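**Q** Letter by letter, the chains look like this.
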Amino acid sequence: MLYLNAFIFVGLVSLIGEIILDNTKLTPGHITSILVVVGAILSFFGIYEYFIDFAGIGASIPITSFGNLLYQACLEGYKNDGILGMFTNMLTTTSGGITSAIIFSAFLTLFTKPKD
Amino acid sequence: MNKEEYQKLVKDYTPKEKKLENALIAFVSGGSVGLIGAIIYTILLNFDIQSKTANIWTIIILIFLASLATSLCFFDKWVNKARCGLIVPITGFAHSVTSSALDYKKDGLITGLGSNIFKLAGSVIIYGVISAYVLTIIGVIFNVKF
Numbered sequence: 001m002l003y004l005n006a007f008i009f010v011g012l013v014s015l016i017g018e019i020i021l022d023n024t025k026l027t028p029g030h031i032t033s034i035l036v037v038v039g040a041i042l043s044f045f046g047i048y049e050y051f052i053d054f055a056g057i058g059a060s061i062p063i064t065s066f067g068n069l070l071y072q073a074c075l076e077g078y079k080n081d082g083i084l085g086m087f088t089n090m091l092t093t094t095s096g097g098i099t100s101a102i103i104f105s106a107f108l109t110l111f112t113k114p115k116d
Numbered sequence: 117m118n119k120e121e122y123q124k125l126v127k128d129y130t131p132k133e134k135k136l137e138n139a140l141i142a143f144v145s146g147g148s149v150g151l152i153g154a155i156i157y158t159i160l161l162n163f164d165i166q167s168k169t170a171n172i173w174t175i176i177i178l179i180f181l182a183s184l185a186t187s188l189c190f191f192d193k194w195v196n197k198a199r200c201g202l203i204v205p206i207t208g209f210a211h212s213v214t215s216s217a218l219d220y221k222k223d224g225l226i227t228g229l230g231s232n233i234f235k236l237a238g239s240v241i242i243y244g245v246i247s248a249y250v251l252t253i254i255g256v257i258f259n260v261k262f
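Each protein sequence line maps, in turn, to chains A and B. Just so you know, the working numbering puts 83 at position 83 of the first sequence, and the rest follows in order with no gaps. Just so you know, the working numbering puts 220 at position 104 of the second sequence, and the rest follows in order with no gaps.
FYI, nobody ran anything at the bench for these hints, they're computed from the structure. Just so it is clear, the structure is predicted and the values come from calculations on it, not from any experiment. Idealized CB from N, CA, C, for every residue including glycine. Careful, some of the hints might be misleading.
Computed cross-link-like contacts, DSS-like style, restricted to lysine-lysine with a CA-CA straight-line distance of at most 30 angstroms [to be verified]:
#, chain 1, residue 1, chain 2, residue 2
1, A, Lys115, B, Lys193
2, A, Lys115, A, Lys25
3, A, Lys115, B, Lys235
4, B, Lys193, B, Lys235
5, B, Lys127, A, Lys25
6, A, Lys79, B, Lys168
7, A, Lys113, B, Lys124
8, A, Lys113, B, Lys168
9, B, Lys222, B, Lys193
10, B, Lys135, B, Lys124
11, A, Lys115, B, Lys134
12, A, Lys25, B, Lys124
13, B, Lys134, B, Lys197
14, B, Lys168, A, Lys25
15, B, Lys197, B, Lys222
16, A, Lys115, B, Lys222
17, B, Lys193, B, Lys221
18, B, Lys235, A, Lys113
19, B, Lys124, A, Lys115
20, A, Lys25, B, Lys193
21, B, Lys135, A, Lys25
22, A, Lys25, B, Lys197
23, B, Lys197, A, Lys115
24, A, Lys113, B, Lys221
25, A, Lys25, B, Lys134
26, A, Lys113, B, Lys197
Chain A stretches covered by chain B per the calculated footprint, using a threshold of three residues with CB under 8 angstroms from any CB of chain B [stated by the list, open to error]:
#, segment
27, 21-28
28, 48-62
29, 90-100
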């Protein structure tokens with residue numbers, strides 16, 4: 001069931017993005033930004049936990065999980081260290097994604113060339 | 117050629133909007149990314165890795181695969197076909213970072229690669245941080261508990 005639920009959840013989020021892309025003049029950049037903010041808002045209302053219960057790993061693959069993780073980390077920081085914690089704890093859980101994207105892109109593009 | 121024939125000719129040559137097909141392709145390709153992620157996750161769990169750690173490793177492996185495919189220049193074709201099916205999952209984040217690194221590398225390491233690597237993916241991080249910060253403040257002020 002883990003496989004099927006992950007397939008359905010990621011597919012549905014992609015479907016929503018594609019419908020917005022086809023029917024409006026927004027660019028993919030707009031859509032990913034909107035989805036991140038939507039993820040943070042869903043996390044704020046406590047809805048994202050149900051998605052994690054439903055889809056498991058599938059819930060952390062769409063870009064919406066970025067907003068969820070940012071909000072949870074910020075709240076966790078406030079509970080531990082107050083206002084300072086909101087600044088120092090914000091990027092802790094998303095650091096894996098951001099840092100790996102920088103490292104892999106920098107090293108992999110050193111040896112390759114764009115086609116045209 | 118009269119007017120009606122001309123209208124018919126125009127209609128034949130304008131590209132048809134295939135919204136339903138696009139949506140279906142996005143659903144299937146996005147779902148496949150989720151399926152691949154779930155397969156990687158279960159493989160990692162077999163190596164006695166805790167579920168939280170396996171979660172992060174799955175994301176990093178997906179980012180690595182997308183970066184590798186982008187730097188080898190065949191991921192662009194897939195993104196053009198699947199569109200949101202590959203842009204909305206975390207592969208789109210890796211694709212935008214790697215493709216801007218690839219495009220601006222010719223302008224030099226500092227003014228090219230360094231300053232442009234987050235040209236497309238930057239907005240995701242910026243608005244994510246801003247919205248998380250504002251929502252936390254709202255939650256703290258109004259003492260919201262869901």
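**Q** Confirm or reject each hint.
**A** Tested hints:
1. A:Lys115 with B:Lys193: OK: Lys115 of chain A and Lys193 of chain B at ~12 angstroms, within 30 angstroms.
2. A:Lys115 with A:Lys25: holds (29 angstroms)
3. A:Lys115 with B:Lys235: holds (20 angstroms)
4. B:Lys193 with B:Lys235: Holds. Lys193 of chain B to Lys235 of chain B sits at ~21 angstroms (cutoff 30 angstroms).
5. B:Lys127 with A:Lys25: holds (23 angstroms)
6. A:Lys79 with B:Lys168: Distance ~21 angstroms between Lys79 of chain A and Lys168 of chain B Cα, so the pair holds.
7. A:Lys113 with B:Lys124: Given pair Lys113 of chain A, Lys124 of chain B is violated - Cα atoms ~45 angstroms apart, limit 30 angstroms.
8. A:Lys113 with B:Lys168: Answer violated: Lys113 of chain A to Lys168 of chain B is near 36 angstroms, above 30 angstroms.
9. B:Lys222 with B:Lys193: holds (22 angstroms)
10. B:Lys135 with B:Lys124: Judged against 30 angstroms, a Cα distance of about 22 angstroms means the pair holds.
11. A:Lys115 with B:Lys134: holds (29 angstroms)
12. A:Lys25 with B:Lys124: holds (27 angstroms)
13. B:Lys134 with B:Lys197: holds (12 angstroms)
14. B:Lys168 with A:Lys25: Roughly 38 angstroms between the alpha carbons, so the hint for Lys168 of chain B and Lys25 of chain A is violated.
15. B:Lys197 with B:Lys222: holds (27 angstroms)
16. A:Lys115 with B:Lys222: Measuring from Cα to Cα gives roughly 13 angstroms; hence the hint holds.
17. B:Lys193 with B:Lys221: The given pair, whose Cα atoms are some 21 angstroms apart, holds under the 30 angstroms limit.
18. B:Lys235 with A:Lys113: holds (19 angstroms)
19. B:Lys124 with A:Lys115: Cα-Cα ~39 angstroms, so violated.
20. A:Lys25 with B:Lys193: Given that 30 angstroms is the threshold and the Cα spacing comes to 22 angstroms, the pair holds.
21. B:Lys135 with A:Lys25: holds (14 angstroms)
22. A:Lys25 with B:Lys197: With a Cα-Cα distance of about 18 angstroms, the restraint between Lys25 of chain A and Lys197 of chain B holds, given a limit of 30 angstroms.
23. B:Lys197 with A:Lys115: holds (18 angstroms)
24. A:Lys113 with B:Lys221: holds (9 angstroms)
25. A:Lys25 with B:Lys134: holds (16 angstroms)
26. A:Lys113 with B:Lys197: With a Cα-Cα distance of about 22 angstroms, the restraint between Lys113 of chain A and Lys197 of chain B holds, given a limit of 30 angstroms.
27. 21-28: holds (count 4)
28. 48-62: holds (count 7)
29. 90-100: With 7 residues closer than 8 angstroms to chain B, the segment 90-100 of chain A meets the three-residue bar; holds.
Comparing the model with each earlier hint shows violations of hints 7, 8, 14, 19; every other hint is respected.
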